[in-house]
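Two independent chains are provided; combine them into the complex using the hints.
Going down the list, the sequences are from chains A and B. Residues in the first sequence are numbered from -4 upward in steps of one, following the numbering used here. Residues in the second sequence are numbered from 1469 upward in steps of one, following the numbering used here.
If you are wondering where the hints come from, they were derived from the structure by calculation, not from laboratory data. A few of these clues could be false.
[Said to hold, decoys possible] Below are the PhoX-like pairs computed for lysine-lysine, each with C-alpha atoms no more than 20 Å apart in a straight line: (1) B/K1600 to A/K10; (2) A/K10 to B/K1594; (3) A/K15 to B/K1599; (4) B/K1599 to A/K10; (5) B/K1574 to B/K1543; (6) B/K1637 to B/K1586; (7) A/K181 to A/K204; (8) A/K11 to B/K1555; (9) B/K1555 to A/K15; (10) B/K1543 to B/K1471.
Because the structure is a prediction, the values reported are computed rather than measured.
For reference, the chains in residue letters:
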Amino acid sequence: MEISTILWREWVFFKKRWMKIVSAQVVTPILYLITFGWGIGSSFNLDGMPYLFYIIPGIIGMNTMRASYSYIATRVSVSRLHEKSFEAYLLSPIRIPMLIMGHILAGALRSMISVVLILLILAPFGGVLNLSLTFFAICFLNSMMFACLGFLAALLIDTHYDLNRFQSFVITPMSFLCGTFFSLTKLPWFIGQLIELLPLTHSIRLLRKLYIYNKFDGFSLIVMLAYTVFFFVLSVKICYEESRI
Amino acid sequence: MIKVTGVSKQFEELKAVNEATLHIKRGHIHGLLGPNGAGKTTLIRSIVGLYDIDEGEIRINDETLTRDNHVLKSKIGVVTQHINLDKELTLEENLEFAGRLYGLSKATIKERKATLLKAFNLENAKDRQVKKSSGGMKRKLMIAKALIHDPELIILDEPTVGIDVKARKEIWEMLIRLRDEGKTMLLTTHYIEEAEYLSNMISMIHQGEIFHTNTVEILVEQLGQYCHEYQEAHRIRRAFFPDEEQAKSSIEAKGGIGLVRRTQLEDVYTTLIETKVKESGN
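Pulled out of the complex, with its shape left as it was, chain B reads as follows (with noise of 0.2 Å):
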């Protein structure tokens, strides 16, 4: 569905984008995790066509998105980092308003508006203007103003940063259902356990650098499933295992000091980030 290859982008001194490749396949949802400024919007601003890439190809359903693919543009639904919605609209006339842009039908935008008002939530609060409405809601309004037209496609970057445990888990069980109907998503989070609960596949990205991809279960397996996590010189350390029983040892030797648990994304996003960061030097 977007294949990614050898993509370079550069901002004067910065190389925001280092010959990043990324692969994902129709029907998954494909995490991108990375520190700040790792690169991860920008990587995801040149996929949708609003930066012009310095080197290498990116191609959706095998065409080039370009400021004027009208066609392609009309598949693929993003949700950006910051709130992009029109703040004197209110929230169903915001739908309507990107209904109308993707050229829906007045009949269609109508069933659209009612589905999602629905699906999110926002029934009740679907008369107010977005400049009066909680960070949840306009949360929950982009992601749905980025559903109206049905895309194939959708790129959330960042979609529940700043929103409380009830809406997120709401826009987890949204994003679930929309892979179970076969859309594809680009995802980057800084919200690591979001990445592990909805992602088939997870990319690590560092100073634009795409250095690992594989799946939640075999990055765990290649770090060890079992960690002994233990204080030491007040700094949280972990120690990884294949199995339970040598996790349990690492415990004895370190004279009862620690638990051990089953190894999360967390842990290896942090080890091989650190490892990262320790190679680079910053």
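So that you can see chain A by itself, here it is in the shape it has in the complex (with noise of 0.2 Å):
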């Protein structure tokens, strides 16, 4: 009852401007298929594959970290910091794990939109490979994971300015250095290892081998996992504190 209310009311902003949500979701995605995948990556191949093939696991968890992290990140501090309106939620009797699972379920289910429209895209050129229902459940497992990290760096900032910088320090980095578009194995040995600490490499090192191979990575599910439980536990703990209302 509690989530499907958080749900409603995000159900009702999107029918509203669905066009603007679905457009901004897919182009981003769009522009790296054509840079990287028909243009750079049509000349060579990468772990003996084609390059676009290589790159499309990548771009699809990358933008579900994108969309999940974006539309969570900053509705959540609009409504804290902007409109007061999160406080409003607080004064009801909604419990707050209700209340950010909600959330992260709307920004989960918001980003599975552009998984959808990327792989629409793709198939008239014959890109989709192996798709199965574990796949999408791996997306909508990323999504839910970085949902969380956006509520929760909605809930850590200060002001809208703290948001860019988290946006910058944080995000960007992951979408570049988390095995999205080359191979981990050519990094130094140092920074390598620093990557695998990094959730997006999980998602995408899973999302690969079950989009190229048909296979399964445990351990990398296992971390995926640890860390939405992690993010979404220090949500609930942060929001109980009055200074972040």
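Right, dumping it as structure tokens:
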């Protein structure tokens, strides 16, 4: 009931702006696909496969991260710092874990639109390899993980400028470093180990294995689940701090 | 209904609420008056559970309101000082959303929405987005939203700030109706006539300390029911007397300068706050 209330609000908002929301979600991945997939990537292979196939799971992983993170971080920070409507949630009888879960699900569902659209764009060009329910489930989990991070970031910041900094220092580096466009095996050992700590590395690895080889990576799934739970629990804890209202 | 006992709340160096004690009876409107920064909003935010108090106790219906006391929360409606509406949604959608947050059934939400939109004259604007609505509409919607779940207790933190006289009077009428229905209300306002018109009891707060609580009638009586108001050295001065005759004598003593009128709550407020400011030195 509480989760469906949050989803209802986000659905009402989505219905009013779906064209703008959807178009904004697919512009960046299309540009990446044209530039790195069909453009630069058409002339070489990576890990024994055409570069286009290599980067599709990376772009899907990166895009679901950016879509869910940006949506939730912006939505919650505006509601908390600008509109002050977040306070209305805390005054209502809604349970805080349910409040957070509702937002995270809304963010994850919204980012899944971009997954479907990217795959629809790729289909006529033969870019779709192994699609399974597990692949979509991992896309969804990735979206939830970064929606959780978006919620957490929105609670931690004091101004909207802080959100830009979080984007610049956390989200953007992950977009490029976590194996989206290149294989991590080519990196110096120490840098490679640092990147192994980042959650997107594991999302993209798992998505790539599923998409290209139809294989599973249990360790990456455990890392993703651990990060999701960690971000969620931390968000719940911070929601109880009066200075974050 | 509400028992605030010895409550203190400190923000770093500032003691925003200082051993405040306040008892609000069921079915009463209790006005809380004080200058800017006196601690009214801090006290209210402590009562509704948004702030954790440092000392004292707050009991509502003999229960403590915490962030997780969902049953008690569902009995309270809060109108905050700042507009905290969802600006992307329409007026009606805001009410629907509030109803859903309080777990009301679809049928109840439909009925309450219709009642409240009509009561606050918002029917014709119900499909307008909040961000495109006037200040008066937003204020009315804030109160309507706080009433969607038919709460027993309504907390109103400056509910009529920044709206025109007509809209303010409409809100007053609504609050009187609610009081007559048995609702309990805590009201803060800078409009003294609003507190005078609506409140059964008045408390005054200065520097976080509640220093006077009584009915309007007794507060006026304690100061003097008649006021001789006159101008002296470019300042408006007031002298208070228990009866009209003494006030008239005061005019004669001043050479016929000024007028005699009934003392109002504003006189009491100004006098008491001025005394407090002098005592505290700021």
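Hint check results:
{"no.": "1", "hint": "B/K1600 to A/K10", "result": "18 Å, holds"}
{"no.": "2", "hint": "A/K10 to B/K1594", "result": "18 Å, holds"}
{"no.": "3", "hint": "A/K15 to B/K1599", "result": "19 Å, holds"}
{"no.": "4", "hint": "B/K1599 to A/K10", "result": "17 Å, holds"}
{"no.": "5", "hint": "B/K1574 to B/K1543", "result": "19 Å, holds"}
{"no.": "6", "hint": "B/K1637 to B/K1586", "result": "16 Å, holds"}
{"no.": "7", "hint": "A/K181 to A/K204", "result": "18 Å, holds"}
{"no.": "8", "hint": "A/K11 to B/K1555", "result": "13 Å, holds"}
{"no.": "9", "hint": "B/K1555 to A/K15", "result": "18 Å, holds"}
{"no.": "10", "hint": "B/K1543 to B/K1471", "result": "16 Å, holds"}
The structure fails none of the hints (numbered hints given earlier).
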